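**Q** Below are the chains, spelled out letter by letter.
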Amino acid sequence: MLTLTYDVGNIWLDALLGVLAIVGLMTVGTLALIWLERKVSARIQMRLGPMHVGPYGLLQTLADAVKLIGKEDIRPRNADRWIFELAPFAVFVPVFVALVALPFTRDWAVSFLDLGVFFVVAVTGLSFVGFLMAGWASDNKYALLGGLRAAAQLISYEVPLVLSLIAVSMIVGSLSLSEIVIYQGRVPLFVWQPLAFFIFFVAALAELERQPFDIPTAESEVVGGPFIEYSGIRWSMFFLASYTGLIVYSMLGALVFLGGWDWPLGRELGLWWQLVLIVAKTGFLILLFMWIRFAMPRLRIDQLMSYCWKVLIPLAFLQIFLNGLVLVYDWPDIMLLITSGAGLLLAGYVIDRAVRVEPRTLRLVPAGRRAKPAPAGAESGGT
Amino acid sequence: MVQEQQIDTVDINVNMGPQHPSTHGVFRMVLTIDGERVIDVEPHIGYMHRGAEKLSETMDYRAAIGYQDRTDYLTQFMNEQAYCMAVEKLLELEVPERAEYIRVILCELNRISSHFMFLGAFGIDLGHFGTSFTYGFREREHIQDIFEETTGERMMYGYFRPGGLVWDVPDNFVQRVREVLPKSLQGLRDIDMLMTENEIVAARSRGIGIMSAEDAINWGLSGPMLRAAGVPWDLRKDKPYSIYDRFEYDVPVGRHGDVFDRYLVRIEEVRQSIRIVEQALDQLPDGPIMPEKMPRRLRGPEGEVYAAVEGARGEYGIYLVSKGGDKPYRLKMRSPSFCNLSALREMTVGNYVADAVAILGSIDIVLCCVDR
Chain A
3 MLTLTYDVGN IWLDALLGVL AIVGLMTVGT LALIWLERKV SARIQMRLGP
53 MHVGPYGLLQ TLADAVKLIG KEDIRPRNAD RWIFELAPFA VFVPVFVALV
103 ALPFTRDWAV SFLDLGVFFV VAVTGLSFVG FLMAGWASDN KYALLGGLRA
153 AAQLISYEVP LVLSLIAVSM IVGSLSLSEI VIYQGRVPLF VWQPLAFFIF
203 FVAALAELER QPFDIPTAES EVVGGPFIEY SGIRWSMFFL ASYTGLIVYS
253 MLGALVFLGG WDWPLGRELG LWWQLVLIVA KTGFLILLFM WIRFAMPRLR
303 IDQLMSYCWK VLIPLAFLQI FLNGLVLVYD WPDIMLLITS GAGLLLAGYV
353 IDRAVRVEPR TLRLVPAGRR AKPAPAGAES GGT
Chain B
6 MVQEQQIDTV DINVNMGPQH PSTHGVFRMV LTIDGERVID VEPHIGYMHR
56 GAEKLSETMD YRAAIGYQDR TDYLTQFMNE QAYCMAVEKL LELEVPERAE
106 YIRVILCELN RISSHFMFLG AFGIDLGHFG TSFTYGFRER EHIQDIFEET
156 TGERMMYGYF RPGGLVWDVP DNFVQRVREV LPKSLQGLRD IDMLMTENEI
206 VAARSRGIGI MSAEDAINWG LSGPMLRAAG VPWDLRKDKP YSIYDRFEYD
256 VPVGRHGDVF DRYLVRIEEV RQSIRIVEQA LDQLPDGPIM PEKMPRRLRG
306 PEGEVYAAVE GARGEYGIYL VSKGGDKPYR LKMRSPSFCN LSALREMTVG
356 NYVADAVAIL GSIDIVLCCV DR
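Respectively, the protein sequence lines represent chains A and B. Start counting the first sequence at 3; every next residue gets the next number (my numbering). Start counting the second sequence at 6; every next residue gets the next number (my numbering).
Don't take each hint at face value.
[Said to hold, decoys possible] Every beta carbon over 12 Å from chain A, so not counted as near; a handful from chain B, in silico: (1) Glu99; (2) Tyr249; (3) Ala348.
[Stated by the list, open to error] Partial chain A-side listing against chain B, Cβ under 8 Å, derived: (4) Gln305; (5) Leu366; (6) Arg371.
Just so you know, these hints were derived from the structure itself, not from any lab. Since we're looking at a predicted model, the values are computed, not measured. From the three backbone atoms N, C-alpha and C, an ideal C-beta is built for every residue, glycine too.
Modelling step: build the complete structure from the supplied sequences, incorporating the hints.
**A** Structure follows, in structure tokens:
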């Protein structure tokens, strides 16, 4: 069977082959995702999207990638040279490293780690350093503003993300991604833990810096934020990191909450069915991320922060506390669903109360022909 | 002993524009920010100055119409209307009924298309990744098609003349406009669902950039900015010009004077404009579109006139001084964008950087009109 864990004897050669496989896979995946995002956005916005390069514009991203590689690599004169040039790598490497621990199927992974969840979260959490480096080194105020926003946002949303994953691993009793998947053989965890899934999804949206949380790169405010001074291949590395991050978080969500390659077909099925399952589940989450991106405007930085610290983190602690209760008193599994579902309803209620606003009405002052007979100052209410 | 260290912090000057995606043209604001808070704003204008007023003095009354299209390039018909009204007042020309009706229809359609442009651009300012923009532009395009069929141009129409119109509208004009109006209403409903009912839009635009009614009057604001502040002032209603007293419509007035109210006022104005167009289409008479006896060369008497219309952004006025002859001695355009923009600092200071963008967007400036 074709596996990603080659066993040629030499561990260095094994590692090299694994990394090459990951990089190749993700580069192709990124090219496909950029095409998909352009097509999805086009459908939402009543456009066609790329149509001319290749059938349905499939080769458009390839052409763009070639163009970007051929572009001049510009560095501002006052930029801090080394930090400026290393920043794209600092964003790009952690996201790629995270892929090492993700089990694509039961047998396909570069490395099966017992601390898989911990590893993925710890490694992806590093990428904010790259944003900060890029923002600081570019010698540009927009970049600085964007870099600081990125640091604040990524660190803040790391907390609910981790807490939601902790809630899950409490139930499974393991931090290994494979074991979490196998635990979900009958019922996937998003059924037992809807609240944790919700928190994970929102936090992942923020970690990926997608609308409504694209504050660090806000096009209409800081014009791309940390990326503003980058061009050519370095800029495309940020892009590559962003889309690989999309794959990483979607696949993490698919593995941890949607049952990965196991549910509902069972792990005894062949490799290809497992691949179909994981791709379908990852693709579902990716499409959800894209859909939200093109339907939502952007939050403001203070709203973003208060949403994280006042809503998501308390809810995540609530989820952990509820799971703890269930586990300590050895309640049946259904209590997980009941407590977490109740928590989700509470979350919905709290958020709804917080964001609900009175519908505004305007005064409609009659004018024109009708206004003449009416006494002066007469007003009528309206919508 | 613990020694307290005093850290000196410096406010940052951020130069937003002239090349920035959300300054709606070549506008530059120098923001002084303390973290994310704006503590000072200094607008810089003049990048688009072409001397349209001075240029208008060098050409005769008909030729200067072209410059009206080029000031506020989103409400060309209203600018032409204001200019033609000024010249007609000076020369005492009588505009035929049919021409008046067609002018009103085109002006109100122009208001609709301009407001759709605003709705699209405002969504981008709030962070929509182009979705609101395409929705706004779809509706705008339907109306743009009518303008193209009528005038032969998509942007610089030059369709109104002192005394009437260049030529009559095409035969299927009424039918085409009737086809488009329901589409505009539907597009408005789409934008309602996309933006008005969106909690994030509400959270981003409510309670920022507040202008009280008194301040709004003192700053000389007009149009939707003034009405959102709660002042029911509309030139069509309060100083009726053309034939606006023959139609039934309402003037929407806001209660809070913030960004969201300005947005709502514009949405409601589109609905009211649709009402006006429908009535005007019903009443559209037959007849000539120019007075019987038009002089070949327009020569004005000495004197000065002021004519103003309620443009999509506010009061667009033309002050015209004539010393006889076929050219104006002095032509002054009262641009609503310029007057509304003057209140930018008042509204922005104290808000976040992201709000500055939303507030600037809510003014709905056209830089060509600001600089003229």
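**Q** Run every hint past the structure and note whether it holds.
**A** Taking the hints in turn, this is what the structure says about them:
The beta carbon of Glu99(B) is kept farther than 12 Å from every beta carbon of chain A, the shortest such distance being approximately 22 Å. The claim that Tyr249(B) is not at the interface with chain A is violated, since a C-beta of that chain comes within 12 Å of its own (minimum 6 Å). The Cβ of Ala348(B) lies farther than 12 Å from every Cβ of chain A, with a closest approach of about 21 Å, so its non-interface assignment holds. With a least beta-carbon distance of about 6 Å to chain B, the hint placing Gln305(A) at the interface is held under the 8 Å criterion.
A hinted interface residue such as Leu366(A) counts as satisfied when its beta carbon comes closer than 8 Å to some beta carbon of chain B; here the least separation is about 4 Å, so the hint holds. Hint on Arg371(A) holds. Least Cβ distance to chain B is approximately 5 Å, under the 8 Å limit.
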